[in-house]
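Residue strings, one per chain:
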Amino acid sequence: MAGKPKLHYFNARGRMEPIRWLLAAAGVEFEEQFLESAEDLEKLKNDGYLMFQQVPMVEIDGMKLVQSRAILNYIASKYDLYGKDLKERALIDMYTEGMADLYEMILLLPLCRPEEKDTKIALIQEKTKNRYFPAFEKVLKSHEQDYLVGNKLSRADIQLVELLYFVEELDPSLISSFPLLQALKTRISNLPTLKKFLQPGSPRKPPTNAKSVEEARKIFKF
Amino acid sequence: MLPRLISNSWAQGVFLAHPPNVLLLQAKATAPGLDMTFGTPAAFQAEDHGDCSLRQLKPHSLSQAMAPPDASKAPTELQCRMLCASWYFSCSLEAHIVVFGERVKENSEPGIMAAKPKLYYFHGRGRMESIRWLLAAAGVEFEEEFLETREQYEKLQKDGCLLFGQVPLVEVDGMMLTQTRAILSYLAAKFNFYGKDLKERVRIDMYVDGTLDLMAMIMLAPFQRPEEKQETLASVIQKAKARYFPVFEKILKDHGEDFLVGNKFSWADIQMLEAILMVEELNASVLSDFPLLKAFKTRISNIPTIKKFLQPGSQRKPPPDAHYVDLVSNILQF
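Protein chains in written order, with our numbering: chain A, 1 to 222; chain B, 1001 to 1334.
Hints may be right or wrong, so weigh each one.
Said to hold, decoys possible - Anything over 10 Å on all C-beta distances counts as not near chain B; from chain A, calculated:
(1) Ala24
(2) Phe34
(3) Gly98
(4) Ile106
(5) Gln125
(6) Asp146
(7) Arg204
What the hints assert, rightly or not - Quick list of the computed label-pair ranges, beta carbon to beta carbon:
(8) A:Tyr165 <-> B:Asn1302: 44 to 54 Å
(9) A:Asp80 <-> B:Thr1232: 17 to 27 Å
(10) A:Pro172 <-> B:Arg1299: 51 to 61 Å
(11) B:Arg1299 <-> A:Gln33: 38 to 48 Å
(12) B:Leu1282 <-> A:Arg217: 26 to 36 Å
(13) B:Lys1307 <-> A:Asn190: 48 to 58 Å
For the record, the hints were derived by calculation from the structure and aren't laboratory data. All values derive from a computational prediction rather than experimental measurement. Glycine included, C-beta positions come from ideal geometry on N, C-alpha and C.
Just need the whole structure built from these sequences, with the hints factored in.
Have a look at this one:
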């Protein structure tokens, strides 16, 4: 039996969540092995499973893949979510790299010092409203198609919608002046595989809380 | 109101005329002192068509890179108008048809040149350096436009050339590409530096992501406060020796081949050399425990295109100095 991909991370969103979204959207079932202690991480390192001593790590097709971008690129190619040619891939990459920049800001928010938090949130709001959301709204407007690239579902749509949910959790008002983004969010959320993923009981992880941060500090020692 | 131009029929004619091995068609409007990516006259600012924004958002419709051209399919009116509008305010018109590695003269226009990629960045390494390495390794000549003032930068932003308002920007194959990794991946694939299949590609991705992480630390250091900078640089050396170099030494040891992936020169090798040289600038003896990486460094440095890039007078940029840090801080306003 072909093994399911196996995700190694701790039980939280972190840098693994986009990978979960992409596999889920592609309709691929996967297993998860959660790191629960610093010892669990040490064991993975000592067994030589982590190329650069870091997670995420995904066991797939006989390989132990690390580096979230490399993993996402592989999954997207394998499941035909990466455009039809080099130029479409370049556009998809450009869009998803921009998304990753905004995602990273929100991802790191729980880790910043309390006195910095308000400034960081304001910066995220500003960049969302003035830089990122307008760029993607403009792309959708330019071709008036249902998907960002090539009139076909790609990782760009899935990753953008994940980002839209992520931003919504921070500030639901930010999307209000972007009708095409709202429509994309609805449309992609209704794809059968993602609809299922968005329901309770799926592998989707809840928003990061203080307890998660503590757990991360313990496991990764920072 | 978009001007109608004779170029409708021109564009159609050229499109139908291109032979199967044509890699791209790029129309570039030139006029003395007016670059369509940079100096859009104010009268046309309001138009979406004709500035950088649509050209970067939609792959140049007339270029069928990597896909077999369909000569029976004429470009749509919108595609022609997109092209045409951006030429409107130019005095002369050059059309380029580029066959990989060759120049082909286009009948209707004199003085045709193959379009070189054009890089927009500061006169320094930063996030553009890895891109310069890749182009140089491929033996591809490129042009550079250096940002020297805040005004230049704001102009690029206003002209809609920067999808997220940021550089690096590379104009290549009719696209205005931003985001360093997107540019690098595109060029790597274009120059056959990305492995022969998906499994090789993922290995290259893992390796380059590792080296990019290391180089990113080095790149940020000059912009940090002195105490932080010392800490960062110490961390770079430590990570190079403990986390990154051992991995690549082992990879070379395990397969005994000359190159990191697939026994063939790839993007991974180029990045590796770039990273090694950058770390050596911080600590000259950093490779002392890594004999295979030492040999690798010599070997890759001797590849003709790389050797040329490593010589004085090439487009390789020097390490950042105080002047560079000031310039970038002023232009990006941080």
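A quick look at each hint next to the structure:
Chain B leaves Ala24 of chain A outside its interface by the beta-carbon criterion, the shortest separation being 20 Å against a cut-off of 10 Å. Here Phe34 of chain A stays apart from chain B, with its beta-carbon at least about 23 Å from theirs, past the 10 Å limit. Residue-level check failed: Gly98 of chain A sits 5 Å from the nearest beta carbon of chain B, not beyond 10 Å. Here Ile106 of chain A stays apart from chain B, with its beta-carbon at least about 16 Å from theirs, past the 10 Å limit.
For Gln125 of chain A, the requirement that its beta carbon stay farther than 10 Å from each beta carbon of chain B is met, with the minimum near 16 Å. Residue-level check passed: Asp146 of chain A sits 16 Å from the nearest beta carbon of chain B, beyond 10 Å. Even its closest Cβ contact with chain B, about 25 Å, leaves Arg204 of chain A beyond 10 Å, as expected for a residue assigned away from the interface. Checked against the hint of 44 to 54 Å, the C-beta distance between Tyr165 of chain A and Asn1302 of chain B comes to roughly 51 Å, which is consistent with it.
With their beta carbons about 41 Å apart, Asp80 of chain A and Thr1232 of chain B fall outside the hinted range of 17 to 27 Å. Pro172 of chain A and Arg1299 of chain B have their C-beta atoms about 56 Å apart, which keeps the hinted 51 to 61 Å range intact. The hinted range of 38 to 48 Å is satisfied by Arg1299 of chain B and Gln33 of chain A, whose Cβ atoms lie roughly 39 Å apart. As the Cβ distance of Leu1282 of chain B to Arg217 of chain A is approximately 30 Å, the hint placing it in 26 to 36 Å holds.
Judged by the Cβ atoms, the range 48 to 58 Å given for Lys1307 of chain B and Asn190 of chain A holds: they are separated by roughly 56 Å.
Checked against the numbered hints above, the structure violates hints 3 and 9; every other hint is satisfied.
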